[in-house]
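Visitor: Based on the sequences and whatever the hints tell you, model everything.
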Amino acid sequence: MNHVISVLVENKPGVLARVASMFARRGFNIHSLAVGPTTDPLFSRITMVIDGPDMEQIIKQLYKLVHTVKVTEMVPSETLEREVMLLRVSADRKQRGEVLDAAAIFEAKAVDVGAATITFEVTGDPARLADFLELMRPYGVVDLAKSGRIALSRDAKNRNGAKPTLRSA
Amino acid sequence: MSETLTGAQALIRALELEGVEVVFGIPGGAILPTYDFLLDSSIRHILARHEQGAGHMASGFAHATGRVGVVMATSGPGATNLITALQDAHMDSIPVVAITGQVATASIGNDAFQEAHTWGISMPCTKHNYLVASADEIPDVIREAFHLASTGRPGPVLVDIPKDVQAATMEWHRAGELDLPGYKPSTRGHPRQVKAAIDLIQEAEQPVLYAGGGIIRAGASDLLRRFAEAANLPVVTTLMARGAIPDSHPLALGMPGMHGNYTATTAMQQSDLLITIGARFDDRVTGNVEAFAPRAKVIHVDVDPAEIGKVRTADVPIVGDAAAVLGQLIEELRTRLGDDPAPAREAWFATLRDWQEHHLLRCDQDPNGPIQQPYVIEELHRLTGGNVILVSGVGQHQMWASLHWGFERPNTWINSGGLGTMGYGIPAAVGAKAGMPDEIVFAIDGDGCFQMTMQELITASTEKIPVKIAVMNNGSLGLVKQWQQLFYNERYSATELGSDIPDYVKLAEAMGCVGLRAEHPDEVAPTLEKALAINDRPVVVEFLCDPDAMVFPMVTAGGSNDNIALGPEDLT
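Residue numbers (our numbering), protein chains in the order written: chain A, 1 to 169; chain B, 1 to 572.
Careful, some of the hints might be misleading.
[Stated by the list, open to error] With a straight-line cut-off of 25 Å between C-alpha atoms, the simulated BS3-like cross-links for lysine-lysine are: (1) K64/A / K310/B; (2) K506/B / K530/B; (3) K297/B / K60/A; (4) K12/A / K297/B; (5) K60/A / K310/B; (6) K94/A / K12/A; (7) K184/B / K70/A; (8) K60/A / K464/B; (9) K195/B / K297/B; (10) K310/B / K70/A; (11) K12/A / K60/A; (12) K64/A / K184/B; (13) K464/B / K530/B; (14) K297/B / K310/B.
Calculated from the structure, these hints are not laboratory results.
Guide: Spelled out as structure tokens, the structure:
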């Protein structure tokens with residue numbers, strides 16, 4: 001089973017190498033990985049999708065890295081997850097209209113059109129991207145590039161129906 | 001008032017501020033600026049003959065003194081030669097700081113002369129490591145390095161400093177407040193867990209206190225003994241914990257595991273509660289994990305949360321420093337017991353005594369036969385009263401030393417446990433003696449180990465560090481040969497070293513040491529006495545030992561600790 005963890009690390013040179021090296025050394029598997037800044041320039045967030053199985057040991061080993069500040073295992077029902085996919089599909093002139101219609105259902109954006117292909121950009125949670133891929137497969141998938149997954153937990157106040165607080169200027 | 005220093009000067013001053021008195025190392029091109037200022041410092045530099053040796057010296061120093069050992073090397077081959085010593089210290093949680101020179105910043109990544117990616121190579125075998133980008137960082141990096149090496153679960157930390165950074169100038173400033181938002185090792189255990197632990201201990205009928213090297217590292221030996229006495233618990237001491245409780249103590253059972261004594265191994269196996277402190281269920285202790293101590297509940301105290309539950313699920317996990325948690329356990333027990341005595345557990349102690357009486361460790365020295373290694377170890381103990389810092393290499397001699405020596409104090413047993421680094425003995429002894437010059441430092445070494453790092457005896461001679469080395473010459477890589485004899489149909493592939501070459505006496509003399517040799521059992525004691533009387537030079541004593549002797553008890557690799565072989569006849 002896949003687990004999504006969010007690792008808050010100090011934004012120091014080589015911190016990604018430390019995380020990757022630890023995973024390699026301990027025989028843990030990384031399914032996908034995304035690294036980016038946070039609101040605080042001193043810290044970065046690494047979002048990882050991991051096969052498990054021993055999540056407790058993986059999290060503890062992450063904490064052993066001196067630059068790891070916080071590790072959160074995301075709860076699927078309380079988490080916003082997004083991936084970006086670029087998908088190139090066969091579409092000659094005859095098929096083009098049908099492919100575009102199908103893509104419109106997913107709000108996929110046609111970002112490149114060639115003589116025999118269309119390339120779509122689609123954003124969403126992993127299930128949505130998988131569905132779009134299945135929809136396009138019969139037309140012929142020529143190429144595919146996918147980002148690592150990023151995730152944030154949902155705002156607890158929103159879940160309770162309260163409105164987000166707006167900070168006054 | 002500002003003061004301009006070079007990075008190298010700042011480094012030396014930062015080391016002095018950490019209280020460093022001794023550095024082991026070898027200079028080279030990329031660390032020349034630092035070595036230049038080392039001449040003007042009060043820090044003593046001990047010039048090793050190989051960087052691996054320098055690294056083990058730092059480790060031996062740390063083992064013996066409890067302080068951080070410091071090693072210095074140049075870039076490239078200097079740094080790569082250190083790697084074995086770093087991994088060794090990493091596995092045994094020994095506080096070591098390694099300073100390496102690196103090629104100039106502008107050359108990094110260009111395959112410059114003596115360039116190696118030290119930061120990358122050392123990453124998995126250190127607790128943490130640094131590549132210093134500017135001279136200005138040096139005070140903070142050194143402060144952090146010593147803090148990380150010596151706190152929490154100790155370990156090696158490497159600081160790689162490019163040559164231009166050593167030469168660059170900076171305005172001297174002391175290290176600021178530690179800024180390590182991701183590093184907050186726990187010290188005290190959770191009070192609720194401490195209570196839960198005492199609940200289990202009070203109910204247990206066959207408990208065993210499983211003491212590991214963490215007790216020694218935490219300086220918690222005295223607390224361990226007090227807790228064992230207060231709760232009336234028998235104690236096993238792992239290879240890394242020998243000396244954590246005196247072997248002469250009535251509650252001490254000695255070493256468990258693959259080559260542990262029968263009582264210690266079996267006590268764990270049959271116990272209903274393992275009170276594990278600073279130990280990590282290493283495969284050399286547990287044998288087949290599935291079959292290990294099947295009835296035992298587990299209390300696991302460790303400063304490293306990742307050790308808890310890694311191998312064996314803990315019923316009561318306690319994250320904390322061994323000394324702090326032992327103090328809490330003693331306190332909680334005192335509250336709980338009031339004026340009542342701890343459970344007597346008469347049946348359990350009667351069983352343990354019965355095992356001890358029926359499975360005494362044998363040392364059968366035939367007066368006309370070849371010298372048995374346990375006999376040498378026991379004679380040395382008799383002649384010194386055990387008042388020695390005992391060091392060892394890795395192999396049969398190490399197991400015999402751990403089994404047959406009676407340890408009475410912590411920090412008097414220095415060996416390579418986790419990594420099993422052959423050749424550890426001589427340099428570790430040099431480091432220990434450099435740190436504890438008033439103690440007798442005696443290394444029990446094998447002939448295979450000796451030949452790996454013997455050049456450090458030149459270091460010992462020239463630096464006037466009078467260590468004593470016993471070479472147990474059985475002409476082979478004994479423990480490997482033992483496995484070939486038992487499990488590979490006596491096919492001795494590449495384990496025969498031959499006992500004639502080298503001539504250890506001449507070799508010792510060539511390196512500035514006194515060389516002695518004992519060939520017959522009746523020469524053992526007089527030769528040891530001679531060695532003990534020499535205190536102005538290192539001494540090497542060769543013992544021509546039984547080439548066919550094997551270490552027992554033994555549990556086969558991956559076998560269950562229920563099946564302890566007491567001799568070769570039990571394995572056929």
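Visitor: For each hint, tell me whether it holds in the structure or not.
Guide: Verification of the supplied hints:
1. Note on K64/A and K310/B: the hinted pairing holds, with a Cα-Cα distance of about 14 Å set against a maximum of 25 Å.
2. For the given pair, K506/B sits about 17 Å from K530/B by alpha-carbon distance, which is consistent with the 25 Å threshold.
3. The straight-line distance between the Cα atoms of K297/B and K60/A is roughly 22 Å, inside the 25 Å bound, and the hint therefore holds.
4. Taking the CA atoms of K12/A and K297/B, the gap is near 42 Å; set against the 25 Å cutoff, the hint is violated.
5. As the CA atoms of K60/A and K310/B are separated by approximately 10 Å, the hinted pair is consistent with the 25 Å bound.
6. For the proposed pair K94/A and K12/A, the alpha carbon gap of about 53 Å is over 25 Å, so the pair is violated.
7. A C-alpha spacing of about 12 Å is found between K184/B and K70/A, which places the hinted pair at or below 25 Å, so the restraint holds.
8. A hinted pair counts as satisfied when its Cα atoms are at most 25 Å apart, and K60/A with K464/B does not qualify at roughly 46 Å.
9. Proposed proximity of K195/B and K297/B is supported: the alpha carbons are some 15 Å apart, at most 25 Å.
10. In summary, the hint linking K310/B to K70/A is supported, as the alpha carbons are separated by about 20 Å, within the 25 Å threshold.
11. In summary, the hint linking K12/A to K60/A is supported, as the alpha carbons are separated by about 20 Å, within the 25 Å threshold.
12. Distance restraint check for K64/A and K184/B: the Cα-Cα separation of roughly 10 Å lies within the 25 Å cut-off, and the hinted pair is therefore satisfied.
13. Proximity of K464/B to K530/B is assessed by CA-CA distance (about 19 Å); at most 25 Å being required, the pair is judged to hold.
14. Distance hint between K297/B and K310/B is fulfilled; the C-alpha atoms sit about 15 Å from each other, no more than 25 Å.
Figure legend: structure checked against the earlier numbered hints; hints not met, in rising order: 4, 6, 8.
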